[in-house]
Structure formats: structure tokens, C-alpha cells
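Same order as they appear, the protein sequences are chains A and B.
Counting from 213, one number per residue, gives the positions in the first sequence under the numbering used here.
Counting from 213, one number per residue, gives the positions in the second sequence under the numbering used here.
Because the hints were derived from the structure by calculation, they are not lab data.
Just to be clear, a hint being listed does not mean it is correct.
Identical copies look the same in the list; a pair holds intra-copy or inter-copy alike.
Stated by the list, open to error - Here are the computed lysine-lysine pairs in the BS3-like style, where the Cα-Cα straight-line distance is at most 25 Å:
1) Lys248 <-> Lys518
2) Lys423 <-> Lys303
3) Lys423 <-> Lys564
4) Lys434 <-> Lys303
2 protein chains.
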Amino acid sequence: MNLRIPGPTAVPPEVLQAGAAEMINHRGPEFAAMIKRTTEGVKTVYQTQNDVATLTASGTGAMEAAVVNLMAPGEPVLVITIGEFGDRFVKLVDAYGGRLTEQSYQPGQAADLNRIEDALKANPDIKLVFITHNETSTGVTNPILPELGKLVHRYEGTLVVDAISSLSSVPVKTDEWDLDVVLSGSQKGWMTAPGLAFVSVNQRAWEKIGKNPQPRFYFDLKRHTDSAATGQTPWTPAVSVWYQLDKAIEMMLAEGLENIFARHARAGQMVREGVRALGLELLADEGVESNTVTAIKVPEGVDGGKWLNVARDEFDTVFAGGQGSLRGKIVRFGHLGYMTDADLQDGLQALKASLDRVRQ
Amino acid sequence: MNLRIPGPTAVPPEVLQAGAAEMINHRGPEFAAMIKRTTEGVKTVYQTQNDVATLTASGTGAMEAAVVNLMAPGEPVLVITIGEFGDRFVKLVDAYGGRLTEQSYQPGQAADLNRIEDALKANPDIKLVFITHNETSTGVTNPILPELGKLVHRYEGTLVVDAISSLSSVPVKTDEWDLDVVLSGSQKGWMTAPGLAFVSVNQRAWEKIGKNPQPRFYFDLKRHTDSAATGQTPWTPAVSVWYQLDKAIEMMLAEGLENIFARHARAGQMVREGVRALGLELLADEGVESNTVTAIKVPEGVDGGKWLNVARDEFDTVFAGGQGSLRGKIVRFGHLGYMTDADLQDGLQALKASLDRVRQ
């Protein structure tokens with residue numbers, strides 16, 4: 213099966229086998245050595261010297277961790293949303309009692325730095341901003357991260373970036389861009405099964421966290437980084453997924469970050485060109501298309517759900533559909549993590565063949 | 213290595229290999245079939261017709277789920293604690309703003325039904341009770357569960373049972389004993405790696421949950437059971453651990469619940485007899501010893517930490533030490549999940565040999 217969804221992504225055979233190793237004591241020296249190794253590796257991929265916590269949870273757990281650690285009940289916050297995963301921050305902020313200012317964009321659009329500055333000017337009490345880097349639901353990468361940290365800091369705010377489906381595939385320069393809190397998840401470019409999620413925290417964010425009375429326990433980031441310093445996790449970790457991560461990071465560092473980023477840039481371009489060559493349109497505005505997932509508009513008169521089913525059942529290729537209001541309106545083609553050019557070409561073939569079949 | 217800790221436990225080779233299968237779409241038909249199968253299997257082991265949610269989290273995540281779904285901020289609750297994991301409920305209740313009445317017991321003691329009734333009588337506003345079934349930190353199984361549900365209900369309360377390290381190894385009759393919310397975790401008798409946790413919810417508990425304003429999102433149980441009804445999880449699940457669980461449940465059902473319980477009863481007895489034959493004392497009071505973990509008092513003059521290290525380094529056997537105030541004072545011998553009589557006999561040999569070495 214050609215799994216062409218934006219996560220979980222294919223896991224290399226050697227990583228799958230690494231995950232099949234026997235259990236160990238999660239309070240013993242082998243685990244301590246492993247958490248030290250993976251934390252260093254994750255920090256390298258994050259391009260950061262900040263603390264990074266590894267949580268046993270999916271990416272949404274990392275998002276919740278960011279919200280409950282950073283945001284006080286009743287605190288005014290700005291959420292910039294360009295799709296479903298931005299909307300998830302909206303829901304989280306709402307669930308935990310934040311006073312929400314939501315800045316949303318049309319599906320396919322990227323966020324605009326000037327509009328964000330306008331919102332910060334208009335709401336001087338906002339000191340916490342959430343944004344999605346790569347919006348998996350629309351195939352858009354927000355290009356403003358290099359400037360956004362500085363902007364938010366000028367307004368004395370703290371910035372939380374959901375980089376779950378970008379970091380490890382496309383450049384996220386956590387330290388150079390001064391990003392306060394950055395999230396990622398194992399099942400994306402990390403070439404690992406789902407179940408682990410990452411949260412980086414810089415000094416500015418720790419200070420805010422230290423003063424935040426919002427209740428938290430399982431996702432209490434301080435507990436995680438304090439435990440990690442002693443070679444442990446506060447709660448029993450997903451050991452087998454961690455084995456996978458350990459191996460996958462070894463492979464990623466061997467490939468090299470720049471090569472990984474170049475490979476994803478090439479993959480994105482190949483898929484976009486292939487899609488356009490089929491006469492199909494992208495959802496993303498030009499210039500902000502994601503290099504990890506391409507959202508393709510379902511042509512007039514085509515049943516999007518049927519297209520997906522035919523691709524899966526007759527051409528052994530699994531694409532993702534649209535979420536929320538985009539259900540039936542787009543097909544999403546994942547191109548991140550462990551993949552070859554042939555996987556992508558096969559994916560493009562399957563996309564065409566299944567569309568032809570549905571149009572018959 | 214003979215992993216004789218009370219979790220993570222050894223995972224059978226066929227379960228490890230099942231976990232090494234390729235990734236699938238977690239929103240596709242294969243996952244839908246799997247979650248249906250595992251949920252049915254988990255319910256069989258739980259001996260329940262209640263809803264059971266499967267969370268991507270460790271057991272502590274299931275404990276947090278119970279607290280945030282059931283307990284309103286400021287609500288008076290009773291936590292019965294006989295050790296570290298009962299104390300974890302105390303911390304969780306405290307973190308989420310409960311008004312705590314704590315009833316604690318000495319290490320090695322089981323909870324007393326009359327004392328619990330006294331507490332409920334003395335605090336008629338308490339409508340929520342937390343208890344640990346099997347206290348991993350002291351090797352004690354509370355024997356009062358068959359009566360406790362009825363008692364709590366007489367006082368119009370709801371009962372939450374942490375059965376993380378018992379259910380799947382020793383009988384927990386969720387429906388017959390009318391237990392409202394019951395927790396378990398994959399890395400115990402379930403013969404699966406850590407990373408998945410279970411929460412059963414009956415009608416009484418759902419009604420309480422429906423009225424509870426406590427913020428929750430990742431651990432919102434209603435989202436989990438609603439999603440499961442459509443063959444999905446609300447957030448990306450730990451797919452590879454789920455593969456393991458699927459295979460492990462198949463093995464458990466093939467063995468049969470009564471055989472599993474008999475095997476653990478025999479294991480507990482074998483280890484206790486072996487330990488006593490070495491002239492060592494158990495921490496647990498007589499009659500309430502756990503059949504999944506045995507806590508052994510470190511004899512006078514012996515360095516408990518050294519004993520553990522020698523067992524690991526020289527006899528390839530990993531025991532667990534004491535937690536909190538019991539650090540250095542006990543050695544814990546796990547006997548749950550995937551194990552043979554030979555594993556336990558080897559464990560007893562290693563226990564003796566390492567003790568002899570430390571005493572030299």
C-alpha cells in the first residue's frame with residue numbers, strides 16, 4: 213500500500229524492527245541513555261538549545277500541553293488560524309477558559325504579518341499568540357515564522373508554534389527565529405509511529421509557565437524536563453515508539469538536515485507539478501504551498517469521497533480527504549518522512565487513474 | 213534479561229512483531245476494524261458492557277482522564293490511598309481543584325470498608341471516591357472492591373477504580389461489582405508496550421460527566437467514545453502499540469480469562485513462597501498480597517539500591533526498588549503478563565544470589 217496521507221507516514225523497516233525490541237525498565241540505565249540521545253537528536257532537528265520535552269501523546273497532546281502550561285484561565289490570547297489545526301487551538305483555548313481573539317483566513321491562504329500586527333495593536337492586553345506553521349488541512353506553510361517571533365516579542369508576547377507537520381521536513385529555526393514554544397509529533401517527518409510528541413520551551417516561555425496557575429498534571433512540562441534531566445519520564449513512556457524514534461533520529465542525522473529539507477522541497481515540487489500536469493488545481497495560494505502535503509481541489513462534478521475510495525481499493529494508494537468544511541472538496545497528498553521519488557510518482561499515477569475511473 | 217518489574221512487562225515475540233507492521237491510515241477501514249475488535253476485547257477482559265475508551269497515554273493519563281471528566285473544580289472528594297499510586301490521585305485531585313478528604317493507610321495495609329463508610333458518613337457532601345485496586349508500590353490488592361461500589365452508591369457517590377496493574381491479571385468484575393469508572397494500562401497484564409490506557413464508564417458516571425464543567429480536551433472521554441463509535445479516535449492514535457494490543461488480546465482470549473487469573477494466582481503464590489523460603493519478609497499484610505507484584509522488605513543491614521544493581525549487572529534480572537518513602541526499603545518483584553514458571557524461578561534464584569553477594 214502506498215500511504216500518501218500527511219501522517220501517520222510510512223516507517224522505514226529498520227525503524228519498525230527497532231520498535232520490536234524487548235521491553236526494558238523505563239527507570240533503568242538503558243532508558244536513561246536513550247532519552248538523553250533522543251532529546252539531543254530532537255534538539256538538533258529543532259535547531260535549538262532550548263529544553264525539549266517528549267510526551268507520550270499524539271500531537272494534540274502537545275497542543276494541549278502548550279495551552280495549559282502557557283495560558284492562564286481568562287487570559288486574552290490571539291489564535292491565528294488558517295485551517296482545521298489552527299481551529300484546534302481555538303477549541304483548546306476555549307476549553308481552558310482563554311479570552312479568545314481569533315484571526316482566521318480562507319482555506320488556502322497563509323497568515324499575514326500586517327494583519328497580525330494590527331490585531332496585537334488593537335488588543336494590547338494580548339501576551340500570548342498561537343499559530344500553525346504548516347496547516348495539514350489546507351496544504352499551506354505560513355512563511356512568516358522568521359519575522360513572527362520578533363513581532364510578537366515587540367508586543368511583549370510569547371509565541372506558540374504548531375510545527376507538528378513541518379519540523380523535521382522543512383526548516384524550522386527555533387533559536388534563530390526566537391520561537392518560544394514549538395510543537396512537533398513523531399508520526400510526521402520523524403519517520404516514527406504516532407505516540408510521541410515534542411514541545412520546546414525557551415527561557416521566556418518558562419518564565420510565563422512559572423507564573424501560570426492553570427491546572428495541569430500529565431502535560432505539566434516542568435515535570436517532563438525535570439524528569440528528563442534524571443534520565444526518566446514522569447509517567448511511563450511509550451517505550452516501543454521511543455525505540456523507533458531513537459533509530460529514526462539516527463537515520464535522520466545520518467542523512468543530514470539540509471538533505472532532508474532538500475528532499476522535501478523536491479518532493480513538494482514534484483507533486484505540485486504532477487498535479488498541475490493533470491489539469492488539477494491546488495487549494496493553496498501560490499508561493500505558500502506546503503512541501504509536506506498538497507491539497508488538491510476536487511474538480512467540478514467529481515465525487516471526492518468516491519475518488520479516495522477508488523484510489524484505495526483499486527490502486528492501492530491511500531490519500532486523505534478534506535476535514536470539516538472541506539470534506540469532499542479536496543484530496544490531500546502527503547509527501548513527508550520516509551518516501552522515494554517512485555512512491556510519489558506512483559502516487560501521481562494512482563491519483564490520475566482513480567480520477568479517470570471516477571469520471572467514467 | 214529477566215524483566216521482573218511491575219510494568220512495563222515482557223511482550224511476547226508475536227506481539228512485538230505485530231507492532232512492527234507498516235503504518236495505516238488511522239481514519240481508514242483497517243483501523244476502524246481494529247478499534248472495534250480491541251474495544252470488544254478490552255470489554256471482555258473488563259467483564260463489562262459499559263463503554264470503554266482507549267487513550268494514547270500512559271496509565272497516569274487514564275487517572276487524569278478520570279479526574280477531569282468526573283470531578284468538578286471545588287468538588288469534595290474522598291481519595292483512599294494505600295501507597296504511591298493512591299497518592300497520585302491525591303496530587304491529581306489537588307491539581308484540578310478538588311476539595312480533598314484523604315484516607316491513607318500504612319504501607320502494606322489494605323483499605324478498610326468500615327473506615328471508608330465512616331468517612332462517607334462524616335462527609336455527606338462527598339459524591340466521588342477514588343481508590344487503587346492493586347497498589348503497585350506496596351504489593352497490596354484491596355480486597356473490598358466487590359462491596360465498595362455498593363457502599364459508595366448507598367451514599368449516592370460515584371466510584372473510580374485504578375485497576376491499572378490488576379485488571380487483565382486478576383479478576384475485576386466491572387459490571388457485577390457495579391464499578392462506575394475503571395482504569396487500566398497496556399503495559400501491565402495486557403502483554404503490550406506502554407502507550408495505551410483504558411477507561412470504562414457506566415451510565416451513572418456518564419451522567420456525572422455530562423454535568424461536570426471541569427475543562428478537558430485531550431482526555432475528554434465523550435470525544436473518545438463518540439469517535440470510537442465511528443471507528444476512529446479523536447486524535448491520532450499510537451498505531452503500532454495498538455497493533456500490539458490487538459494481537460495480545462487475541463492471545464489473552466485464546467488463553468481464557470479464568471486461565472489467566474489462575475496463572476497469576478499461581479505466580480503470586482510461587483513468588484511469595486520462594487521469597488519466604490529465603491527468610492525474607494513481605495511488605496503486604498497477610499491475606500492482601502498482590503498476585504501481580506510482590507514487595508519484599510530489604511533486610512536490616514542490606515543496601516537496597518546495591519541489591520538491585522547487583523541483580524541487574526551480575527544476574528541479568530531487573531527488579532524495581534521502592535518509591536517515595538519506601539526507596540531503599542523494599543525490592544519489588546513483578547509477576548504479571550507474559551511469563552513462565554521458569555522466569556519466576558530464575559527471578560527467585562537471582563534474588564537470592566544477588567542478596568548473598570551484597571551480604572558478602
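Evaluated hints:
no. : hint              : in the structure
1   : Lys248 <-> Lys518 : between (47 Å within a copy, 24 Å between copies)
2   : Lys423 <-> Lys303 : both (23 Å within a copy, 19 Å between copies)
3   : Lys423 <-> Lys564 : neither (54 Å within a copy, 50 Å between copies)
4   : Lys434 <-> Lys303 : both (24 Å within a copy, 15 Å between copies)
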